[in-house]
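Mind assembling these two chains? They're in different frames, but the hints should get you there.
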Amino acid sequence: MAGNPFPLNKGQLLEAYRTMKTIREFEERLHVDFGRGDIPGFVHLYAGEEASATGIMAHLGDGDRIASTHRGHGHCIAKGVDIVAMMKEIYGRKGGSCNGKGGSMHIADLSKGMMGANGILGAGAPLACGAALAAKLRKKGEVAITFVGDGASNQGTFLESLNLAAVWNLPTIFVVENNGYAESTSRDYGTAVDSYVDRAAGFGMPGVTVDGTDFFAVYEAAGEIIRRAREGGGPTLLECKMVRFHGHFEGDAQTYRGPGENEENRNNKDCLKKFSAEVAGSGVITIDELKAIDADVMLQIEHAVVEAKAAPFPTLADLTTDVYIKY
Amino acid sequence: MSTLAPSVGIIANPVSARDIRRVIANASNLQTADRVNIVLRLLSTLSELGVGKVFMMPDKSGMRPLLSRQLNRESQLGHGFPEVEYLDFPVTSTVEDTFRATRLMREAGVKAMIVLGGDGTHRAVARECGDIPIAGLSTGTNNAFPEMREPTLTAMAVALYATGKLSRAEALSGNKVIEISINHGERKDIAIVDAVISHERVIGARALWRPESLNALYLTFADPEVIGLSAIGGLLQPTSRESPDGLMIELASDPAKAQFNLRAPIAPGMMRDIPIANWAPLKAGVDYPVALDAGVVALDGEREMTFKPGEHVNVSLVSQAFFTVDVTRCLQLGAVNGLFRF
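Residue numbers (our numbering), protein chains in the order written: chain A, 1328 to 1654; chain B, 18 to 359.
In short, the hints are calculated from the structure, not lab data.
Among the hints, erroneous ones may be present.
Said to hold, decoys possible - Only pairs whose alpha carbons sit at most 30 Å apart, straight line, appear in this in silico DSS-like list of lysine-lysine:
1. B:LYS205 to A:LYS1601
2. A:LYS1596 to B:LYS205
3. B:LYS205 to A:LYS1600
4. B:LYS274 to A:LYS1600
5. A:LYS1601 to B:LYS77
6. A:LYS1618 to B:LYS325
7. A:LYS1596 to B:LYS325
8. B:LYS325 to A:LYS1600
9. B:LYS128 to A:LYS1596
10. A:LYS1601 to B:LYS325
11. A:LYS1653 to A:LYS1636
12. A:LYS1337 to B:LYS325
13. A:LYS1618 to A:LYS1653
14. A:LYS1337 to A:LYS1636
What the hints assert, rightly or not - Some chain B residues flagged as far from chain A (calculated, every beta-carbon gap over 12 Å):
15. VAL32
16. ALA42
17. ARG58
18. GLN93
19. LEU253
20. PRO292
C-beta: ideal position from N, C-alpha, C; glycine also.
If we strip away everything but chain B, and leave its shape as in the complex, we get (with noise of 0.2 Å):
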């Protein structure tokens, strides 16, 4: 599809980086004002390149009255930005937000969308985004999946392929995910990082932080410099974003049973010894049956998904399930095509 002026959308989770991890970890909280200043700087940045409008996701958090307080000084001070409407749909201040905002960002045809937030909130729109490449920013606690960057790189990436300076094939990279299936797909979700199995039994706050109640890891890919519950496999075997295969990891539930401890930040800061058992690639396309009876499933940091004894759980890794703007490939594009020369 081919418009005049681009659009791209942006989904910023307000309450990314707002969990128990702060009192048990340290880990770090982005404040609402800056996530508001990351947005701005997003669309000065989308403008000066020629993107021309933007749609953001709503929220009931403070983001987007203090954005809009923000769009009225720069206007005042004719500064340029694009044209910015907010999705109208009634907010939930759930996840169902960010699920129904991509898929509305999708109908109205956006080329691509940047995501301010952490592993679940990129997962969120991951299982929504279809063919819609993500570009995606820390806004979280663990963020293995987005990568550290300045938004406005980011955004001048994202320009150049909306703007139809960069085609798919440059700009674009393809992305593992891991299904999770419970009863033959009677429940069914993705981890584009990590699925970990528990042995706790509910979601309550959600995070997972005791070593002792882990019992397996299933991994789409495992990067030594990330930290969360993917950095025991990053520390054990890195694999690649681009290697076919992921990586599946059995826990010793004890510790006499263990071939050794590794000890890996699970969280900003929280070194712990894992006690591992065993590991082995995750090949694509085939099924995985988890052996724990019962317990929790958490998907990218989070506990999401319960399962009692009877119930059947499956974890399977699919390649190419998403795609995702290759910020570093297109920057460098851009500079030898020349494509930031006016």
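Chain A extracted, bound-state conformation (with noise of 0.2 Å):
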């Protein structure tokens, strides 16, 4: 396209910022009302690692599908659950897109293919080769994309997923979001073989590191993976090297931290700030139609929140429902 030196379109570009944008005041505002007490259970926020989600999911239809961690709000958005239902399903309200008995760690929308959140680490991994199988049974060209953290990529069901999905050549794909912590352990305390690309090599099948803060190195680096896995090339590995703005759950005092990591994270490696700078910088996008979406996610957040405290709860009488899915 003349003049635009992005491999997304203007629209695309402002979609993508959107996203990240939603995210990440999403986030914020948990942040806020989890520690004002209004919020029940435990959030793990997503704040920081918005160019992952985004800039994989930008591939993606709602047959595709994705297993989501305990830190799954933003891989929500960006597979177009609803905002207001994922806010009244972390309120625990009815309408939320569990019902509110799910909460945040389990918010699910098949709809969207969107196949839940999920508080048990490593356990997203056997959902996408589950997922990736019926996908290859289909041959729609869908894909399934499972999620992990770094610490959660020591977990059994992970390492048997890589296995099965070299052997049966799925179309699954596994993205470790590599934050440089499981919960509180540094990574270079908790993994023997600190390269997630070596893991993959050790199934025999391709990994790759990608700046997780940079959207557009995600995107393009997850285009040709997902291009790969539609065409019968089978599953990658895919690790996003990213910064966590939040501690492991919110109220975590982050004592793990060095000094001055958590403002270097804010200052320097901050992927909206960087997505901001380079589409601003391009005279495709000017700061005011940034601005603009800012504005207006900004009221989408507190037409959520609004929604979710005025939603009831769920009742006795909820409590043996919506138990097993109906085909």
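Here it is in structure tokens:
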């Protein structure tokens, strides 16, 4: 396209920014509301990691499935799950994605191919293999993606899934979101061979590392990997090196961080700042267009919170409903 | 400078050979454990030939803890190694670590630096190494600059030079670089093999692999026995590392205007047809302004510098810009002069 230096058109760029901004503001609002005691259970925030979910999901349709993690809000939003339903779910209200009975770590929307956030670390990988097997048998060129943290990549389920996907040549993509910490344990202490690409090689599949704070790096690599999987090229592991702006969970004192680490992350490794600087400096998109999205996103988040707070809690009679899915 | 226990630096890039070319070109991936095994072979060889101390670049990608565990095991077995000192600085896990480690090793007075990486890693060291020579080992993707060789042999050659058994004149070779300058020095960088002008406009996944995105190539040397973008020059007009000239190649954006298509390995196992418009020697000390209005400059295989309309990009070839240990010559001199007889 003449004059546009990016591999996305203007509308796609604006949509990518809107998605990342929505994730960011959704999470920052939860940070505040959880601290105030408004939200039951636990929340694990995705702020700082937006480029990964957004850069990958930009290549997916509703027929492609993803299996998320305990830190799943960003994956949900990027996959197109309604943020009002998500907010109701996190607030534990009826009308939520799972009618308020799942909470933050169990948001799912099968109509969007979002098979669920998951409170069990490493549990998404076998689910994605199952979805990928179904996709392979259906022969529609669909793929399944599992997200896993650097800590959970040590789980047996994850390693078994790498093997299964390789031997069955499944269209599975294993995304290791490497934010450097397994809860509070630095990967330097908790991982014997600290290259996730090495693990892929151990199972005979390609592995790629990208700067997970650079939307365009994730977008370009994910595009090639997903295309390969759609065309029958089989599984790939994609490691996104990234940073987590908040603690493992809300309330985490983060005493394991180095001095100034959070400030360094916010100042120099913010994927939204990088994206804004790149697209606004190109002449393709103006600062005013980005600001208009910022304002609209804030309204959307406020609306979601208002709707969530106004919704009723599930009743005792709701306890035994929605246990099994109907086909 | 003379010391009783000469020191050597080892800069081992823990994350070379990890990029998208694993997917688009089935490029190899040297695992962390193998990188550590290479370092262990270097250390034992250097120790046997009189190098007393080795400075290491720190990393947060798994090499340091693995090497520490292995060194503990080796010491329990009574095997000799030089003193190993990790440079003390906060690791950023970016190329800045390589720049900083190179500078600190120079300040520490190392006699030579052994580099594990591909062309990109060697470029980063070359930018900062000054007159300290490099000995390169291929652990990257294209590896046009570092030679494929058993690390033990490289360490043997380095030890002969570091311990003073061979002089600079005997052991070292000079190398060319390409200097890239944007807006008359506002932004500057170098390439040790290839500076490629591309129509791409973002850094993205860094590698270049789409032939239609290529605009022009500027090469320090062009070897038909290498892969990567410089292979285009190698198969078009071989130009040696020792030649005073480099090579410049203009590609045809309109295939109808190409003199011919050259089928070249622009990545491992990836043969692509490249539409050649023109080529000519690249003369040292001459300024070559880039014609493309806006795009990206890829340095030694990776997109590094973007430029916009109105920005001026200049390319120039510089001779004798940095030095490498000539392993073949060192080992031959070592044999002829009896330097391995103890």
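Hints, one by one, checked against the model:
Between LYS205 of chain B and LYS1601 of chain A the CA atoms are separated by roughly 21 Å; this keeps the pair inside 30 Å, and the hint holds. A distance of roughly 23 Å separates the Cα atoms of LYS1596 of chain A and LYS205 of chain B; the hinted pair therefore holds under the 30 Å criterion. The suggested pairing of LYS205 of chain B with LYS1600 of chain A holds, with an alpha-carbon distance near 24 Å, which does not exceed 30 Å. A threshold of 30 Å between alpha carbons decides the hint, and for LYS274 of chain B with LYS1600 of chain A the separation of about 42 Å lies outside it, so the pair is violated.
Distance check on the hinted pair: LYS1601 of chain A and LYS77 of chain B sit about 23 Å apart at the alpha-carbon level, within 30 Å; holds. With a C-alpha separation of about 24 Å, the suggested pairing of LYS1618 of chain A with LYS325 of chain B holds against the 30 Å cut-off. For the hint pairing LYS1596 of chain A with LYS325 of chain B, the CA-to-CA distance comes to about 24 Å; that is within 30 Å, so the pair holds. Between the alpha carbons of LYS325 of chain B and LYS1600 of chain A the distance comes to roughly 20 Å, so the proposed pair stays at or under 30 Å and holds.
A C-alpha spacing of about 36 Å is found between LYS128 of chain B and LYS1596 of chain A, which places the hinted pair above 30 Å, so the restraint is violated. Our distance criterion of 30 Å between C-alpha atoms is met by LYS1601 of chain A and LYS325 of chain B, whose separation comes to about 17 Å. Only pairs whose Cα atoms come within 30 Å are accepted, and LYS1653 of chain A paired with LYS1636 of chain A is accepted, the gap being roughly 29 Å. Our distance criterion of 30 Å between C-alpha atoms is met by LYS1337 of chain A and LYS325 of chain B, whose separation comes to about 18 Å.
Among the hinted pairs, LYS1618 of chain A with LYS1653 of chain A is inconsistent with the structure: their alpha-carbon atoms are about 43 Å apart, more than 30 Å. Of the supplied pair hints, the one linking LYS1337 of chain A and LYS1636 of chain A is violated, its CA atoms being roughly 36 Å apart against a limit of 30 Å. With a minimum CB-CB distance of about 6 Å to chain A, VAL32 of chain B fails to clear the 12 Å threshold, and the non-interface call is violated. Remark: the non-interface label on ALA42 of chain B conflicts with the geometry, its nearest Cβ contact in chain A lying 10 Å away (cut-off 12 Å).
Its beta-carbon lying about 19 Å from the closest one in chain A, ARG58 of chain B satisfies the requirement of being farther than 12 Å from that chain. Interface exclusion of GLN93 of chain B from chain A stands, the closest Cβ pair being 19 Å apart, more than 12 Å. No Cβ of chain A comes within 12 Å of the Cβ of LEU253 of chain B; the nearest lies about 28 Å off, and the non-interface call holds. Every CB of chain A lies more than 12 Å from the CB of PRO292 of chain B, the least distance being 21 Å, so the non-interface label holds.
Violation of the numbered hints given earlier is confined to hints 4, 9, 13, 14, 15 and 16; the remaining hints are satisfied by the structure.
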